[in-house]
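S.K.: Sequence:
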Amino acid sequence: MTTAAPQQHHTTAHTSNTLELLAPAGSPAAFYAALYSGADAIYCALGCDFNARRGADNFSDEEFQQACKDAHLLGVHVYVPVNIEVRTSEIEPLCALVQRAWLLGADAFIVQDWGVMYELSRRFPFIELHVSTQSNIHDPRGIMWCKHHGATRVTLSRELSLPELKELSKTQVDLECFGHGAICFCYSGICMLSSLNGQRSANRGLCAQPCRLHYELIDEDNHVYNTKAADHLLCPKDYNTQQNLEDMAAAGVHSLKIEGRMKSAAYVYAVVKAYRMRLDAIYAGRTLSAAEEEEIHNLLYRSFNRGFTTAYLKGTSGNEMMSYERSNNRGELIGQVCAAENLGVYKRPRPDKPGRFRYKPTAKLQVKLTRAVQKDDLLELRLDGHSDFLTSKVTSDAKAGDIIECQTARCVPVGCPVRLIRSQAYMDIAQACSNHTLARKRPIAVCVYAHVGAPISIRMWPIDDSRCSVEVTGDVLEAARTKALSAFDIEEHVGRIGTTAFEIAHWDISVGEGVGLGFSTLHKLRSQATDALEARILEPWEYHARKRLLDEAKETHPVPSMSAGAGAGAGHAGAGITNISAASAAARRQNKDALPVEVCALVTTPDMAIRALEAGATRLYATTDALIAAAHAGQTWPSYTTYNPHTHAYERLSSPISILDEVCRMRDYPRCDSFVTAHATCAVGNISELALCKQRGAYPEIRSCIPILNSSAIASMAQEGARGIWFSNELSLDELCDLSSTRADIAFGTLVLGRPRSMTTEHCVLQAAHMCIHNCVRCTLRKKTMYLKSERGDVHRVTVDLEGRSRIYAGHVFDATPEIPQLLSCGMSRFLVDCTLLHNSDVPVYIQRVCRALDAAKRHAAPLSRMHGAYSGRLFDPIG
Numbered sequence: 001m002t003t004a005a006p007q008q009h010h011t012t013a014h015t016s017n018t019l020e021l022l023a024p025a026g027s028p029a030a031f032y033a034a035l036y037s038g039a040d041a042i043y044c045a046l047g048c049d050f051n052a053r054r055g056a057d058n059f060s061d062e063e064f065q066q067a068c069k070d071a072h073l074l075g076v077h078v079y080v081p082v083n084i085e086v087r088t089s090e091i092e093p094l095c096a097l098v099q100r101a102w103l104l105g106a107d108a109f110i111v112q113d114w115g116v117m118y119e120l121s122r123r124f125p126f127i128e129l130h131v132s133t134q135s136n137i138h139d140p141r142g143i144m145w146c147k148h149h150g151a152t153r154v155t156l157s158r159e160l161s162l163p164e165l166k167e168l169s170k171t172q173v174d175l176e177c178f179g180h181g182a183i184c185f186c187y188s189g190i191c192m193l194s195s196l197n198g199q200r201s202a203n204r205g206l207c208a209q210p211c212r213l214h215y216e217l218i219d220e221d222n223h224v225y226n227t228k229a230a231d232h233l234l235c236p237k238d239y240n241t242q243q244n245l246e247d248m249a250a251a252g253v254h255s256l257k258i259e260g261r262m263k264s265a266a267y268v269y270a271v272v273k274a275y276r277m278r279l280d281a282i283y284a285g286r287t288l289s290a291a292e293e294e295e296i297h298n299l300l301y302r303s304f305n306r307g308f309t310t311a312y313l314k315g316t317s318g319n320e321m322m323s324y325e326r327s328n329n330r331g332e333l334i335g336q337v338c339a340a341e342n343l344g345v346y347k348r349p350r351p352d353k354p355g356r357f358r359y360k361p362t363a364k365l366q367v368k369l370t371r372a373v374q375k376d377d378l379l380e381l382r383l384d385g386h387s388d389f390l391t392s393k394v395t396s397d398a399k400a401g402d403i404i405e406c407q408t409a410r411c412v413p414v415g416c417p418v419r420l421i422r423s424q425a426y427m428d429i430a431q432a433c434s435n436h437t438l439a440r441k442r443p444i445a446v447c448v449y450a451h452v453g454a455p456i457s458i459r460m461w462p463i464d465d466s467r468c469s470v471e472v473t474g475d476v477l478e479a480a481r482t483k484a485l486s487a488f489d490i491e492e493h494v495g496r497i498g499t500t501a502f503e504i505a506h507w508d509i510s511v512g513e514g515v516g517l518g519f520s521t522l523h524k525l526r527s528q529a530t531d532a533l534e535a536r537i538l539e540p541w542e543y544h545a546r547k548r549l550l551d552e553a554k555e556t557h558p559v560p561s562m563s564a565g566a567g568a569g570a571g572h573a574g575a576g577i578t579n580i581s582a583a584s585a586a587a588r589r590q591n592k593d594a595l596p597v598e599v600c601a602l603v604t605t606p607d608m609a610i611r612a613l614e615a616g617a618t619r620l621y622a623t624t625d626a627l628i629a630a631a632h633a634g635q636t637w638p639s640y641t642t643y644n645p646h647t648h649a650y651e652r653l654s655s656p657i658s659i660l661d662e663v664c665r666m667r668d669y670p671r672c673d674s675f676v677t678a679h680a681t682c683a684v685g686n687i688s689e690l691a692l693c694k695q696r697g698a699y700p701e702i703r704s705c706i707p708i709l710n711s712s713a714i715a716s717m718a719q720e721g722a723r724g725i726w727f728s729n730e731l732s733l734d735e736l737c738d739l740s741s742t743r744a745d746i747a748f749g750t751l752v753l754g755r756p757r758s759m760t761t762e763h764c765v766l767q768a769a770h771m772c773i774h775n776c777v778r779c780t781l782r783k784k785t786m787y788l789k790s791e792r793g794d795v796h797r798v799t800v801d802l803e804g805r806s807r808i809y810a811g812h813v814f815d816a817t818p819e820i821p822q823l824l825s826c827g828m829s830r831f832l833v834d835c836t837l838l839h840n841s842d843v844p845v846y847i848q849r850v851c852r853a854l855d856a857a858k859r860h861a862a863p864l865s866r867m868h869g870a871y872s873g874r875l876f877d878p879i880g
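Once you know that position 759 of the sequence shown is 759 in full-length UniProt numbering, the rest is easy, because the numbers rise by one and skip nothing.
Keep in mind that the hints were calculated from the coordinates and are not lab data.
Treat the hints with care, since some could be wrong.
Here are the computed lysine-lysine pairs in the DSSO-like style, where the Cα-Cα straight-line distance is at most 30 Å [as the list claims (entries may be wrong)]:
hint, residue 1, residue 2
1, K347, K360
2, K789, K237
3, K789, K228
4, K441, K69
5, K524, K483
6, K69, K554
7, K364, K353
8, K393, K353
9, K347, K314
10, K375, K393
11, K166, K314
12, K69, K547
13, K783, K237
14, K353, K237
15, K364, K375
Predicted model only: the values in this text are computed from it and were never measured.
Take the sequences, apply the hints, and build the full model.
M.R.: Shown next, in the form of structure tokens:
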């Protein structure tokens with residue numbers, strides 16, 4: 001007979017003084033490396049369609065189900081990223097994937113797209129949702145907005161400092177923070193450098209990592225401010241919070257995330273092992289020994305790294321966080337070349353072509369070691385500041401102080417640094433994890449009661465979760481006829497659980513005198529107990545119970561069918577969306593309530609605003625920084641009349657509509673919040689600002705840096721009071737047309753002329769010149785026209801605000817004026833000219849061009865040709 005304790009609700013929440021160690025797994029091999037090296041939770045993707053590492057190996061259904069089972073038996077959670085922006089047509093496949101992954105054992109899903117959050121929380125309220133760092137959340141308002149919309153955890157931006165984390169923990173929402181690995185240079189989720197340069201979008205899981213390439217910092221006179229040896233101007237070092245774990249736990253962080261789903265299993269093993277060692281020592285209240293500190297050092301530095309930093313955590317973002325010299329693996333410095341000998345050319349037969357030879361130059365180098373190495377470790381020999389390098393394998397173990405010989409293709413100068421860039425030992429251990437020859441066991445307690453006249457019973461439970469307690473009982477015991485059962489016998493035979501996921505850490509044995517029992521009975525009861533314990537632990541993920549929940553949810557929250565008249569590419573429409581065809585969108589313009597067509601201008605000064613209005617602009621926008629600067633200078637903005645979609649009437653405005661920042665940290669409140677007032681329009685660039693608009697009764701427009709790629713996201717924003725949406729430049733023309741025809745009550749707009757912003761960074765790019773005076777107001781470089789020049793010759797304008805944040809713009813002018821007729825016919829009503837980087841004399845040229853394009857569209861005349869030197873972005877070259 002088997003009995004179990006009452007079922008408890010499963011949750012991933014951790015206590016406030018411990019950190020969940022969250023590990024990456026881009027493959028099954030990496031999963032088991034993370035599992036067996038001590039992860040508390042693992043994030044991995046099912047399939048390669050809807051996650052931010054679509055290039056990783058990821059998991060098949062069978063692999064994922066088995067991985068979830070193995071993890072859950074050890075008390076480890078499994079989170080599934082669905083953390084990309086998705087198209088309307090992808091909403092249904094994504095929801096199907098979430099259902100499938102949940103049935104197979106997923107604990108939670110990591111979400112970026114607000115349309116996905118809207119759909120999943122509505123359809124599956126019992127599924128745990130985590131907001132991705134890609135969602136660009138970094139303040140209490142943003143956190144609470146996420147909680148209100150169904151999230152149980154928020155993964156914060158990497159840029160936050162320790163005091164900020166402490167303040168954000170007061171929200172009582174589970175907070176996940178970045179702990180180790182590669183840092184995105186741009187605020188996550190708003191980077192378009194990869195997609196504007198090609199078809200690969202960071203917001204779609206296919207980032208081409210242009211931030212790791214070579215750049216020059218130049219001014220308008222083409223003067224170069226950086227050296228060739230330090231030209232990775234957008235490449236940060238990797239994060240390493242090993243020495244900050246106690247502070248992060250004390251600040252209220254719940255989960256510490258390790259980056260690396262594109263990294264090897266050996267990397268995952270080494271980094272997770274290092275953090276497990278440190279955390280276990282902290283929780284045990286003991287100091288690590290010198291040998292343990294040395295092991296942690298080797299684990300981290302002999303795995304992929306670009307050097308390490310904790311600048312953001314300390315509240316800084318200067319050159320100390322940058323890896324200007326190189327963007328690839330630095331490994332660990334283990335010695336230098338002390339002698340070199342050229343061996344000439346080596347003649348070797350070619351096995352593929354008998355009688356022919358391959359000629360290869362060779363050299364013999366001697367390396368004086370400062371740290372120990374092991375056989376088959378891979379060494380890199382590279383002069384500082386040079387991109388050329390050689391590699392060589394270690395032929396035998398050696399200790400610090402030894403001189404080893406390496407054979408390479410050529411000589412290098414004496415004194416050349418030598419680095420260990422790949423540890424063979426960690427690769428071997430990772431392989432052992434993958435083969436399950438090196439496995440992790442879950443400690444359990446075993447209680448045995450064996451007395452004459454009573455049934456024998458064995459009770460088992462995990463040491464870390466006494467709720468999962470099971471008990472099996474056998475027959476009533478009789479007196480021994482020969483040898484009596486002893487406590488030693490019980491330990492010997494009940495303790496044989498080596499083939500299970502458990503190890504016995506505590507015994508509680510009560511055995512009476514003269515008890516008789518055969519060992520085979522003990523073996524049978526032990527097997528029943530371990531089977532029952534496995535079943536009890538896995539009960540929250542039982543397939544049929546979860547399937548019933550899903551079936552009930554489908555009845556309670558049926559998915560609405562797409563309206564018959566929806567645009568061809570519209571796909572599924574979320575609840576509350578009014579779908580109309582492109583023809584209907586055009587027809588509504590004949591109605592007196594139709595939204596007027598507006599030529600919009602983003603301006604930087606009152607003088608620029610005057611020129612834009614004189615040229616034909618009907619709606620003005622300006623950043624909060626521009627509005628503040630004009631006020632400080634005593635400048636007056638021109639008044640103008642524009643349409644208010646909230647009152648369905650024209651109104652007179654005395655200044656441009658405020659554009660709120662895409663970054664909204666608590667320190668930004670004084671600068672931005674005052675522009676959010678009741679019954680006033682503002683363009684929000686962050687979810688926090690959207691929440692503030694709803695709180696204050698303002699009328700928000702959604703900026704393109706809150707990417708809206710699907711109709712469900714439009715529904716989500718409309719539900720929060722948005723009456724205007726500016727679409728991302730990552731959308732194709734077909735996608736813009738489809739989305740513009742989804743609702744008649746929202747004004748849709750898009751940039752049609754100007755340079756799109758491609759990055760917003762906390763680090764000031766101008767610091768690469770090593771001229772920083774730590775005073776942005778007085779900085780002379782800020783007042784210059786500065787650029788980043790890429791390897792292929794693209795020139796990206798760089799601006800820096802008074803917060804020290806950089807904005808990098810596209811390398812070419814974007815011109816969609818030839819496509820205005822199609823956009824207009826599908827319901828687009830706002831056409832933006834971004835004048836941010838224009839001289840005042842160019843503003844009328846750009847505004848008048850859009851006016852001419854609109855006039856030609858209304859007259860059904862031939863569209864304008866694209867501006868010379870401009871490009872069409874992703875309009876006809878959709879991102880993947």
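S.K.: Run every hint past the structure and note whether it holds.
M.R.: Taking the hints in turn, this is what the structure says about them:
| no. | hint | verdict |
| --- | --- | --- |
| 1 | K347 with K360 | holds (7 Å) |
| 2 | K789 with K237 | holds (21 Å) |
| 3 | K789 with K228 | holds (13 Å) |
| 4 | K441 with K69 | holds (14 Å) |
| 5 | K524 with K483 | holds (20 Å) |
| 6 | K69 with K554 | holds (26 Å) |
| 7 | K364 with K353 | holds (28 Å) |
| 8 | K393 with K353 | holds (27 Å) |
| 9 | K347 with K314 | violated (56 Å) |
| 10 | K375 with K393 | holds (8 Å) |
| 11 | K166 with K314 | holds (13 Å) |
| 12 | K69 with K547 | holds (17 Å) |
| 13 | K783 with K237 | holds (28 Å) |
| 14 | K353 with K237 | violated (46 Å) |
| 15 | K364 with K375 | holds (18 Å) |
In this structure, the hints that do not hold are numbers 9, 14, in rising order.
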